[in-house]
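Peer 1: So the chains spell out like this:
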Amino acid sequence: MVIRPPEFPEPTRIPARDRSASRAAPERYTARPPLIRPALRVAPGFSGRATGRPYAAFRLDVLASVMFGLQPGRRQFGLAPELGYSLRAPATEHDLLAGVGLVHGINAEEYTLGWLPRFVAQSGPDGRGMGVRNGLWFDFAENGFSVEVSHQWVGRGATNIHDFQVSLGLDVLMLAVVLSNARMAWI
Amino acid sequence: MNRWWSSLGLVAAAALVGCASPARRLAKSRDFGEALCASQFHSRQPQADLDYVRARIDAEARPRLHLHALTREELTQALGPAGDRVADEAVVVRAIAGLDDVDVSDVQLRVVLVGQSKAIAPIELTRQTVSNLTREQLPQAEQIHTRSHRQIDMERFARRPLLGLTAAALEASTLFIVPVTVFTRHSRRVGASTVTIEPTQAEIAAAAPATAALLESAEQYTSGGRGMRDETSRVWLWPRFDDPDAKVVVEWTYVARGCVDARPRMRKSTTHAVEVTREATLRLPPGPDLPSRINARFGDQMQPLIASQR
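So the protein lines, in turn, are chains A and B.
Once you know that position 38 of the first sequence is 38 in the working numbering, the rest is easy, because the numbers rise by one and skip nothing.
Every position in the second sequence, counted from 1, becomes a number in the working numbering once 1000 is added.
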């Protein structure tokens, strides 16, 4: 007598259907509610001036902002009110910046893209001026580095000054959060 | 005037749709994980919303089950006289549970055989329990005992030979009473130990062929993880009993994990799991023995659990 493993007959199956969600899940009630992400960005960079000397200069931005998510999900649209200080040297100029940006991403697991318009109040050796800076900001995923390309116009009396800038930013607040092992919703 | 009333009706309908709770809206778009979370953390009527979501998941997932119990003839045909002995004491059952793919974190399913007014605990499928049923003798595991002894560290001797030889000479001069080489780490004590060598599959198959065959079959017909996604299959051994009111009770649970409320947040908050459980009772029809009653109840088709409650 040959002993063999007993066999079970296969029943007739009910054909399976795909009943997964009919649209992309917004994750509103699971892990991704609207996020609030503060940032403190230190961004050294290059400044080129088309309308006067010095043509090329070093620029350092220190910018504090808070990104407020307007919707739930892995990638969120949000507003980013921002305050900052900017230094341009040589022929030292000091700028104060204030504005509200529009960002998409916010969650640090993904990249964030932003349009950052700001008002500029400038003080330098040639006097004071007011103007506007418009920046396109790209924040890399999963680290605190970002790149900003911007144009700044400042009216100083009858003189118009146009600067073009490229800066590499490091979010020192994010660095501190990671080092302190704090449990933030946006990391 | 009619147009005015129909416009008002449309506005009212839109307001009603807009006012539907988030849980119900999410359930309608089959976003069941989110819907379960919303019913518990963002609802004015949590129980009503949970019941609604549960009914929607059931309708979309269509949970189904099939049991097949091996008859005495099937067991004897495969296992020989040992199959007859197994059939005297136990019922070998294969269960297949399935459902359509729905968006929840997990689905858990529990099948309980109820007889003589209590849940019948299944017999654990181990070599020992199966060999008790087949009344075959399993080969014994070999045990190797090692007594406590001293082991010389040759690497240490190679690195510090002069110290080692001096320590050995000193230890010998104390008639090996003072373990000087242990102090200098040229030797170490190894405690007593017991190593158990289990018999191989081939040895088990030779000594207890019916046990090995039954275990192989159980392994072959077991698939899927602990939770249930799409389809899962298990083989159980239930002790044989006689009760005209015997029934199969199926309990299944939909789980949504990682639930949080929808407030904007900066810091990570604690997440919760929401579970919703359903139960179906399947009464076994009368029959000559338990396997034939189970097979008569389930036939050769997967049985929908929702319809079978009727």
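Be careful, since some hints might not be right.
[What the hints assert, rightly or not] With the C-beta cut set under 7 Å, the calculated list includes, among others, these residues of chain B facing chain A: (1) R1030; (2) D1058; (3) F1176; (4) P1209; (5) A1262.
[Said to hold, decoys possible] Quick list of the computed label-pair ranges, beta carbon to beta carbon: (6) A:F164 / B:P1046: 52 to 58 Å; (7) B:R1189 / A:L179: 42 to 48 Å; (8) A:L96 / B:S1269: 34 to 40 Å; (9) A:A98 / B:G1258: 56 to 62 Å; (10) B:D1230 / A:A98: 53 to 59 Å; (11) A:R74 / B:E1142: 54 to 60 Å; (12) B:L1170 / A:L179: 33 to 39 Å; (13) B:T1129 / A:N181: 45 to 51 Å; (14) A:N181 / B:A1158: 41 to 47 Å; (15) B:K1268 / A:M130: 39 to 45 Å; (16) A:P81 / B:G1258: 48 to 54 Å; (17) B:E1198 / A:E10: 31 to 37 Å; (18) A:Q71 / B:T1126: 40 to 46 Å.
[As the list claims (entries may be wrong)] These stretches of chain A come out as covered by chain B in the derived footprint (C-beta under 8 Å, 3 or more residues): (19) 60-72; (20) 174-185.
Keep in mind that the hints were calculated from the coordinates and are not lab data.
Even for Gly, the Cβ is constructed at its ideal location relative to N, Cα and C.
Peer 1: With reference to the structure, classify each hint as holding or not holding.
Peer 2: Now the hints, each set against the structure:
| no. | hint | result |
| --- | --- | --- |
| 1 | R1030 | holds (5 Å) |
| 2 | D1058 | violated (11 Å) |
| 3 | F1176 | violated (55 Å) |
| 4 | P1209 | holds (4 Å) |
| 5 | A1262 | holds (5 Å) |
| 6 | A:F164 / B:P1046: 52 to 58 Å | holds (57 Å) |
| 7 | B:R1189 / A:L179: 42 to 48 Å | holds (46 Å) |
| 8 | A:L96 / B:S1269: 34 to 40 Å | holds (36 Å) |
| 9 | A:A98 / B:G1258: 56 to 62 Å | violated (38 Å) |
| 10 | B:D1230 / A:A98: 53 to 59 Å | holds (55 Å) |
| 11 | A:R74 / B:E1142: 54 to 60 Å | holds (56 Å) |
| 12 | B:L1170 / A:L179: 33 to 39 Å | violated (54 Å) |
| 13 | B:T1129 / A:N181: 45 to 51 Å | holds (48 Å) |
| 14 | A:N181 / B:A1158: 41 to 47 Å | holds (46 Å) |
| 15 | B:K1268 / A:M130: 39 to 45 Å | holds (41 Å) |
| 16 | A:P81 / B:G1258: 48 to 54 Å | violated (30 Å) |
| 17 | B:E1198 / A:E10: 31 to 37 Å | holds (33 Å) |
| 18 | A:Q71 / B:T1126: 40 to 46 Å | violated (54 Å) |
| 19 | 60-72 | holds (count 3) |
| 20 | 174-185 | holds (count 4) |
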